[in-house]
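Participant: Here the protein sequences come in this chain order: Y and D. Residues 1 to 349 (this note's numbering) are what the first sequence spells out, left to right. Residues 1 to 349 (this note's numbering) are what the second sequence spells out, left to right.
No lab work stands behind these hints: they were computed from the structure. It is possible that some hints are incorrect.
Copies of the same chain are indistinguishable here, so a pair counts whether it falls within one copy or spans any two.
As the list claims (entries may be wrong) - Calculated pairs, DSSO-like style, for lysine-lysine (alpha carbon to alpha carbon, straight line, at most 27 Å): (1) Lys-301 with Lys-340; (2) Lys-74 with Lys-93; (3) Lys-251 with Lys-93; (4) Lys-79 with Lys-93; (5) Lys-340 with Lys-91; (6) Lys-47 with Lys-74; (7) Lys-47 with Lys-301; (8) Lys-301 with Lys-74; (9) Lys-47 with Lys-340.
All of these numbers come straight from a predicted model, not from anything done at the bench.
The chain contents come next:
There are 2 protein chains.
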Amino acid sequence: MLLSHVRIVGSGLIGSSIGLALVQRGVGVTMVDSDSGAQALAQDLVKSAPTGTPDLIILASPISSIAQALESEKSSPVKLGFMDISSVKTKVKVEVSTSGFDSARFLPTHPMAGREVGGAQSARADLFQARPWILDSAGVDPDLRLAGLEVISLLGAVAIEMDSRSHDEAVALVSHLPQLVASLLAGQLEGADEAWLDLAGAGLRDTIRIAGSSPELWKEIVAANSAAIAPLLTRLIEDSQRLLRGLSDEKVVAEVIAAGQRGRDLIPGKHGGQQRSYTYLPIVIDDRPGQLGSLFNACAKADVNIEDLALEHSPGQLTAVITLAIAPEDIGRLSEFLTKDGWNVHSVS
Amino acid sequence: MLLSHVRIVGSGLIGSSIGLALVQRGVGVTMVDSDSGAQALAQDLVKSAPTGTPDLIILASPISSIAQALESEKSSPVKLGFMDISSVKTKVKVEVSTSGFDSARFLPTHPMAGREVGGAQSARADLFQARPWILDSAGVDPDLRLAGLEVISLLGAVAIEMDSRSHDEAVALVSHLPQLVASLLAGQLEGADEAWLDLAGAGLRDTIRIAGSSPELWKEIVAANSAAIAPLLTRLIEDSQRLLRGLSDEKVVAEVIAAGQRGRDLIPGKHGGQQRSYTYLPIVIDDRPGQLGSLFNACAKADVNIEDLALEHSPGQLTAVITLAIAPEDIGRLSEFLTKDGWNVHSVS
């Protein structure tokens, strides 16, 4: 193990979660924050008090304070160098070079994990478990790179090499644009008749789920990555205008829906493979304790793995429909088994 | 019971599902379709052969064939009158009046249920269970209205009175606009680098889930309701343009995200109430048969009801995180119970 002492600058959700996890893996951690109360809370949380020169300094400040953190930390003694964890990478690289840092001693990274809540009090050592963690190690000192990879590995994340520009364009497409679209759509619901909103189904709810995200967090991310987001939002607006002009033309509408189908089919499914085809088995259950347990017990008895599931309730009703996603080869066996076991299984096409 | 014989014109998913359910409730059903093969399949499926004059004729054709169905059925003998089930209502009302129908003998309705697959072979008697079913009975003969309410009640749906114009504006907002936005967003993924798409998380996946819908079905719905959708799409484009102009201005971005939060909070949660606050409990499990069953058994033993749940897998990993949504008052008890029972329960803020 390369690391025995890591200094973490920034005691928010990400910094504290990294601290917690590193200490659990036997690494000494010093938590630092410009807010002395936050620093005390975080240091208390990670329960670690290493001494001497740290091997690595992790800058875990918000994007808006990276320049300031760089300035205050650039003379701190450190053996291998620095890494950061902010969601936008080209902006940070520019700040590193303008601040006079030796860029070989700075590893830009981005753990793709987070929560809808912030602060050290929300920290979780398992936050990065199995999540992608991007690093851009071009021109970076090999030992510093190995230290970064060790952090990623100790935290259970999956290291992915990507240059900063590609990273920023990638997250603009798969994370920032969807966030803005969900927020813009959900914003259209303000002022609508309550009786109309009562008709909303699972489709609308899923489409706007991430609209619940924090304005404080997202205003910084979007503004910092506006250069990569702007062309994507521009293209989306152009496509929307084309659709608006052809809204009563079935051919135009069909092509928009078909393009959406093709795009959706490109998103990988579980376990890193391409989207897998599951077969869906709807089962009507009573919405009370015990039903789900008995149902999944029955599935286990049938030795069938549940790949995904969705639970749908309806307004004013106490029954629910649970839809199990399973491998196509299991469908006949499971359906037969559950029906014999007395479950209200519905036919699938 | 008012109804002993119902004639259903249109043997697709909705018509056949209504037929199946009515026959299960003891009502005789004649299935009719302009395609003789489809008619034979549907009639075979519902297994009913009533004779004599039907009490009610249900027009269950696609929107594009409503005018034609009206024309071919308007002289059919029927005791109480007609109802339809199409997703857009003002267009149908116009077609009824221009076809010379007595509008008192025509009840416009819309069951808000469907599947991503079509055809009689996909029919399910429980398709309408607990779903809203809109009817516009202004000016409609009271006995015909009662017959419509009986169909809705026999099928287990929830009747909601709403005038056709409000209906069309409501579904434009809560169903048609979200569909188009999800499709437009998913369409932006075409041509993207595969490595970028690998970074997609649950946020993107949820936002574009309904982009998997059928172009054939949606081109008709959108074109038929384009008058109600156009102003909504126009406003969304304007909001998107305003955001684009202020994309690097944190204040502009924060307001878009905040408006989205407010809109999302307006959508009712389960059981017809306003969105309830749940507390979320993340648990790391092995992704293999039996784990979910044991977990839900444990929840039942703790006598805690699971209000909702989400299963998240990560690329290349065989562990999964299941997040249980439960009532806030149950969180302490369940967390303690599961931890004692040996589950890998994570802290919540």
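Participant: State for each hint whether it applies.
Facilitator: Against the structure, the hints come out as follows:
no., hint, in the structure
1, Lys-301 with Lys-340, "both (13 Å within a copy, 25 Å between copies)"
2, Lys-74 with Lys-93, "within (15 Å within a copy, 73 Å between copies)"
3, Lys-251 with Lys-93, "between (46 Å within a copy, 24 Å between copies)"
4, Lys-79 with Lys-93, "within (21 Å within a copy, 77 Å between copies)"
5, Lys-340 with Lys-91, "neither (60 Å within a copy, 46 Å between copies)"
6, Lys-47 with Lys-74, "within (26 Å within a copy, 80 Å between copies)"
7, Lys-47 with Lys-301, "neither (44 Å within a copy, 35 Å between copies)"
8, Lys-301 with Lys-74, "neither (59 Å within a copy, 55 Å between copies)"
9, Lys-47 with Lys-340, "between (54 Å within a copy, 24 Å between copies)"
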